[in-house]
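Protein chains: 4
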Amino acid sequence: MSSVTGNKIKLSVFGESHGEAIGCVIDGLPAGIRLDTDKIYLDMARRAPGKDKTATPRLEKDIPHILSGVVNNVTTGAPLAMIIENTNTKSGDYENIMKVPRPSHSDYPAYVKYGGFNDVRGGGHFSGRLTAPIVFAGAVAKQILTEKGITIGAHIKKIGAVSDAEFDMNDVSAELLNTLNKSSFSVISAEAEEKMRAEIEKYRADNNSVGGEIECAVTGLSAGLGGNMFDTVEGRLSQLLFAIPAVKGVQFGKGFGFAESNAKAVNDEYEIKDGRVALKSNNNGGVLGGLTSGAPLIVGVAVKPTPSIAAEQNSVNLETMENTKLTVSGRHDPCIVPRAVPVVEAAVALGILDIIL
Amino acid sequence: MSSVTGNKIKLSVFGESHGEAIGCVIDGLPAGIRLDTDKIYLDMARRAPGKDKTATPRLEKDIPHILSGVVNNVTTGAPLAMIIENTNTKSGDYENIMKVPRPSHSDYPAYVKYGGFNDVRGGGHFSGRLTAPIVFAGAVAKQILTEKGITIGAHIKKIGAVSDAEFDMNDVSAELLNTLNKSSFSVISAEAEEKMRAEIEKYRADNNSVGGEIECAVTGLSAGLGGNMFDTVEGRLSQLLFAIPAVKGVQFGKGFGFAESNAKAVNDEYEIKDGRVALKSNNNGGVLGGLTSGAPLIVGVAVKPTPSIAAEQNSVNLETMENTKLTVSGRHDPCIVPRAVPVVEAAVALGILDIIL
Amino acid sequence: MSSVTGNKIKLSVFGESHGEAIGCVIDGLPAGIRLDTDKIYLDMARRAPGKDKTATPRLEKDIPHILSGVVNNVTTGAPLAMIIENTNTKSGDYENIMKVPRPSHSDYPAYVKYGGFNDVRGGGHFSGRLTAPIVFAGAVAKQILTEKGITIGAHIKKIGAVSDAEFDMNDVSAELLNTLNKSSFSVISAEAEEKMRAEIEKYRADNNSVGGEIECAVTGLSAGLGGNMFDTVEGRLSQLLFAIPAVKGVQFGKGFGFAESNAKAVNDEYEIKDGRVALKSNNNGGVLGGLTSGAPLIVGVAVKPTPSIAAEQNSVNLETMENTKLTVSGRHDPCIVPRAVPVVEAAVALGILDIIL
Amino acid sequence: MSSVTGNKIKLSVFGESHGEAIGCVIDGLPAGIRLDTDKIYLDMARRAPGKDKTATPRLEKDIPHILSGVVNNVTTGAPLAMIIENTNTKSGDYENIMKVPRPSHSDYPAYVKYGGFNDVRGGGHFSGRLTAPIVFAGAVAKQILTEKGITIGAHIKKIGAVSDAEFDMNDVSAELLNTLNKSSFSVISAEAEEKMRAEIEKYRADNNSVGGEIECAVTGLSAGLGGNMFDTVEGRLSQLLFAIPAVKGVQFGKGFGFAESNAKAVNDEYEIKDGRVALKSNNNGGVLGGLTSGAPLIVGVAVKPTPSIAAEQNSVNLETMENTKLTVSGRHDPCIVPRAVPVVEAAVALGILDIIL
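Protein chains in written order, with the working numbering: chain A, 1 to 357; chain B, 1 to 357; chain C, 1 to 357; chain D, 1 to 357.
Among these hints, one or two may not hold up.
One copy or two, either will do: identical chains are not told apart, so a pair holds if it fits within one copy or between any two.
[Stated by the list, open to error] Quick list of in silico lysine to any residue cross-link-like pairs, SDA-like style, CA-CA up to 25 Å:
id	residue 1	residue 2
1	K39	R339
2	K8	I144
3	K273	S163
4	K325	E194
5	K264	S281
Read the hints as simulated data drawn from the structure, not as lab findings.
Note that this is a predicted model, so its numbers are computed, not measured.
Modelling step: build the complete structure from the supplied sequences, incorporating the hints.
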């Protein structure tokens with residue numbers, strides 16, 4: 001078990017879905033960083049559940065409360081601890097889960113690993129709710145990166161059968177990213193949003209859920225950042241991205257599209273542009289040999305359909321060791337992808353900050 | 001820079017393509033493990049270059065020489081150091097690379113990162129040759145895993161437009177894996193091999209190269225292994241897999257296929273089978289909530305086309321800062337995928353061993 | 001900066017002396033451990049300030065509040081987060097410290113390191129108050145160790161010119177340790193306590209403070225525990241012990257006494273005793289070659305006199321860069337040694353737990 | 001087990017006393033550092049055994065052979081691997097040790113830890129011979145530090161009853177350190193050397209050995225370096241220093257002398273000197289709150305008498321579980337302290353380099 005990560009910035013995340021509070025400790029932040037609380041709240045609102053997520057940021061709950069490491073909104077250099085109190089944690093619905101694991105959730109492996117002592121209410125420490133502290137930490141990281149001219153933004157690349165417009169991999173603008181990273185439904189094409197919402201509604205109406213893809217870009221990175229071999233930009237970011245529940249794949253640039261391609265078609269040649277070395281294409285997504293190439297960093301993740309659905313499913317009773325049926329009650333997201341966008345941005349921001357410090 | 005990885009087993013890899021020797025130190029191996037040298041040589045032969053890789057293991061070069069940590073073929077518990085002497089390292093061909101970076105290689109970012117001091121001959125420390133020590137370490141790890149009933153094997157899932165037969169994700173047999181992990185062209189379907197060889201030849205004849213996919217499976221893992229959040233099985237393995245040059249994507253189970261799917265179709269339900277908890281499907285590739293589910297672990301990687309091709313490419317001269325043309329001479333693999341199979345197995349073996357110790 | 005430590009048990013400590021709260025996150029605790037709150041409170045009371053520390057545990061303040069990782073007093077395996085709210089934090093007294101660093105405190109180096117952004121009130125994150133979370137975490141660790149038959153206890157070896165009776169290094173009893181680790185003034189000899197209290201009073205009356213030594217023992221450790229070279233029992237424990245403010249030296253067994261000794265006098269010979277391998281003496285303090293020898297572990301630390309004294313001292317004004325005088329107001333410990341005893345036990349407990357898990 | 005250390009500079013040490021070779025891998029060295037081979041050889045000669053160690057550096061054996069990471073004597077930024085071949089490794093003398101552990105050596109705990117599989121010949125991986133790679137790595141580190149104006153040197157503070165002159169803690173000169181770090185018997189006072197040699201001879205003649213103390217100083221460190229709490233300068237250096245066999249205590253500045261002192265006597269007050277903040281005394285040995293204070297860093301270590309002596313000792317036979325007598329044959333150092341001086345310098349250099357990078 002380790003909910004701790006990072007080399008220079010060490011992030012320790014704690015909490016359980018229905019416990020008293022969730023939160024995190026960020027160790028190693030530079031001193032003297034002025035935090036923009038509004039920006040932090042905005043990212044947290046993008047991740048927070050709600051009926052209409054395109055509305056103005058409403059943050060009635062999920063208010064991050066900073067306990068240490070900040071004086072007068074400026075970081076002191078000491079560990080920044082933050083908690084979010086859990087409210088409205090009726091756990092009655094989850095009694096049954098103790099015995100009957102929900103398909104495609106962590107319930108069963110966690111039961112085995114922790115000998116049944118894990119807090120299973122709402123998924124416990126494995127809950128998607130635990131991405132809130134990650135978004136908080138990522139929002140702090142983004143502010144430091146912004147000061148260094150680095151911009152991070154992600155869009156919903158695909159939901160089910162509906163795709164968004166594509167990034168121009170070699171010419172992503174910070175402006176576009178700054179639009180995406182403020183939106184609660186981050187897409188490049190306005191049309192895509194409508195179709196995606198319809199796609200989600202289709203599955204919701206059927207007590208089902210749908211998966212998707214998120215693509216994140218980073219501009220402003222100079223060439224030669226990152227370590228090599230076991231410390232590549234790709235390895236570091238993927239370790240963070242797989243910390244997000246439901247993420248099942250990570251690719252850089254053309255990623256799995258490389259499998260069917262050939263070098264003549266996808267090699268990224270060089271040219272001198274404005275007196276500087278530039279790439280003529282960016283199929284490698286800004287990473288070569290594990291190091292940044294100077295082109296925008298492009299990373300994509302695959303998100304599986306929310307496993308919690310209202311339809312009846314087959315499972316087993318771990319006490320009686322008999323087959324049984326399970327219906328997961330409660331309100332569940334028919335598609336987690338839109339809310340996962342700021343989480344992906346946060347994971348990338350934390351990784352990039354740790355790399356460049 | 002860090003060519004060191006692992007928590008309990010720390011692997012430190014060193015060497016440059018045209019330096020005196022490459023090798024590794026494996027720290028933290030259990031004492032008392034009897035090493036089967038033949039099996040180690042077999043894996044290294046699978047990775048080694050050669051005209052006909054289906055022939056019996058010939059290992060005229062790339063002989064691993066163990067310096068410490070082993071007495072009478074049994075591990076002592078002290079760090080195991082191994083070197084492979086570099087022979088036949090004519091570097092004349094690479095003089096030009098100092099100034100003109102090869103497209104899609106590490107040359108340019110490494111030049112920036114190391115201020116031109118990096119050893120660029122043959123790619124230096126970034127060379128695919130550095131996967132030889134990884135294969136060695138993985139072969140050692142495999143032997144420890146075998147004693148614990150864990151079997152690892154991978155196959156070429158795709159080369160260009162040609163696909164192999166598929167793993168039965170929920171019922172991969174150790175027997176199949178043991179066939180794959182001894183082959184020098186690891187495919188499930190014999191027909192696929194022929195077609196893949198033809199596909200490769202097509203690109204080779206055109207001074208081009210082609211990409212592909214490798215899929216690796218692990219059987220014998222009990223449920224509940226791995227850590228959570230930043231220490232998931234997925235995060236750990238991906239960090240190791242991205243250490244392999246040319247790997248640009250990593251996915252588990254259905255991976256990017258999840259994007260277009262829905263929960264009803266892909267949720268992995270449970271059933272009691274032979275008195276034990278079993279999964280009815282394994283779309284999650286043996287990992288749920290970052291922990292092993294008890295089903296076979298299935299991980300896939302995307303491999304880009306070898307960037308070194310004999311065709312002329314555009315690049316720049318880093319000294320004169322002018323555009324120029326580059327032709328990479330020397331014999332280069334038109335497809336690195338077959339040789340990368342044992343490297344993928346090795347990375348997975350190292351990750352799994354570190355997780356279960 | 002890193003207030004995070006540990007391999008298997010990762011402890012992240014946060015907070016500032018006069019901030020809103022201090023606390024810690026303990027990541028990696030085994031699931032299913034029943035916590036004895038009374039024992040935790042007892043250790044925290046031993047560390048807490050107070051007029052008469054031999055009185056029954058009074059814990060009006062410094063109440064640890066567990067936020068996660070524990071359900072019904074049993075650990076869940078998820079990170080255990082704990083906070084202690086800071087109350088009564090009048091900071092008026094410390095305004096001056098921003099500009100005039102207190103001699104022998106962290107003030108000046110921290111000012112340089114954090115560019116003046118560090119929270120200097122009460123010493124901020126460098127305050128001795130931050131040992132409260134360490135004591136909490138150590139108390140949790142002790143409970144796990146107790147179940148494994150491992151006992152930890154420390155005594156005040158020396159305060160100024162007054163020494164306690166000595167441990168019989170090769171025959172420390174768990175009973176003695178269990179008496180010491182419940183006391184608020186831990187000494188072997190009752191007479192020593194009286195003399196030490198008089199010694200402290202002598203310095204207090206003079207607006208001065210006095211240093212001392214603490215010696216900690218661990219029984220119940222089997223032979224062969226620990227790692228080697230950079231992962232010795234000695235190295236691990238010393239890294240934790242130097243985290244305690246005022247600790248300036250760490251020694252094992254005879255420690256600095258070895259300098260004047262010879263092998264014939266201090267070599268620890270072996271004998272068969274009750275059918276098992278035993279040491280005839282334990283000058284090495286239970287550690288040989290960095291590994292436990294099976295004899296009791298004995299570690300001693302040197303504690304410097306509390307630097308905060310009421311007497312006037314020379315310092316400088318960091319703004320005007322002029323010499324000035326400083327009188328540290330507020331109530332300060334004339335001797336920190338008695339309160340540091342449970343902190344030393346906690347640091348050792350955390351180190352040992354991380355080693356044996 | 002972990003013979004790997006460091007955050008930014010990762011050092012992996014391997015080898016066994018009577019194996020084929022010992023060596024190390026240094027990962028994370030900056031590129032572009034020109035190595036002065038003579039200086040490296042000098043340090044290795046200071047550590048190497050020999051009749052008259054004051055003679056000119058003779059390095060017939062123990063020649064470090066660099067395998068990677070260096071081209072034309074300049075670091076490439078890739079891992080630097082180095083091996084020293086073991087020659088003259090007659091192991092006949094050690095047959096008996098397999099069964100009869102030498103008192104105060106690692107033999108018995110290592111036997112338990114590694115189940116008898118460890119290479120016991122000459123102490124195996126626990127041998128003092130393994131300090132040769134540490135000295136090598138430290139010599140490389142020293143060269144990088146020298147370029148940054150940082151100087152490291154140590155002296156024999158005490159051997160048995162004989163003490164050297166003392167460092168002026170607050171005014172150590174780089175000149176003195178540069179004399180000490182070139183000497184094969186590093187003392188401040190020439191008279192001390194004579195007396196110390198006589199002291200050693202006294203014990204040698206009696207088939208005995210004697211302990212001592214080494215004190216190391218570092219000049220040129222600015223204030224505010226190091227991390228806090230678990231990452232203090234003291235914690236980092238002590239972890240490295242305890243990696244040296246025979247080191248049983250580590251103290252900073254006045255160290256254990258603080259126990260009998262009071263704040264008025266030992267607090268290090270500030271003054272403005274030459275327009276800068278300076279300390280009026282340096283009892284804290286250059287570290288306050290875990291951070292460098294700007295004064296010279298002063299660290300002392302206690303070294304126990306070499307446990308291998310020619311006199312007969314009591315031990316046990318681990319096979320028959322009976323008491324027995326043991327006489328350790330072979331030539332052994334009657335005092336390891338002079339040879340340990342460059343090892344202490346190396347450990348400190350590695351720690352400081354890791355801290356400042």
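The hints, checked one at a time:
When the C-alpha separation of K39 and R339 is checked against a cutoff of 25 Å, the pair qualifies only within one copy, where the shortest distance is 16 Å, while the shortest distance between copies is 43 Å. Taking identical chains as interchangeable, the C-alpha atoms of K8 and I144 lie at most 25 Å apart whether they share a chain (14 Å) or sit on different chains (22 Å). For the identical chains of this complex, K273 and S163 are neighbours neither inside a copy (32 Å) nor across copies (40 Å), given an alpha-carbon limit of 25 Å. When the C-alpha separation of K325 and E194 is checked against a cutoff of 25 Å, the pair qualifies neither within a copy, at 35 Å, nor between copies, at 47 Å.
Taking the shortest Cα distances, K264 and S281 sit within 25 Å of each other inside one copy (12 Å), while across copies they are farther apart (40 Å).
Going through the hint list in order, the structure does not satisfy hints 3 and 4.
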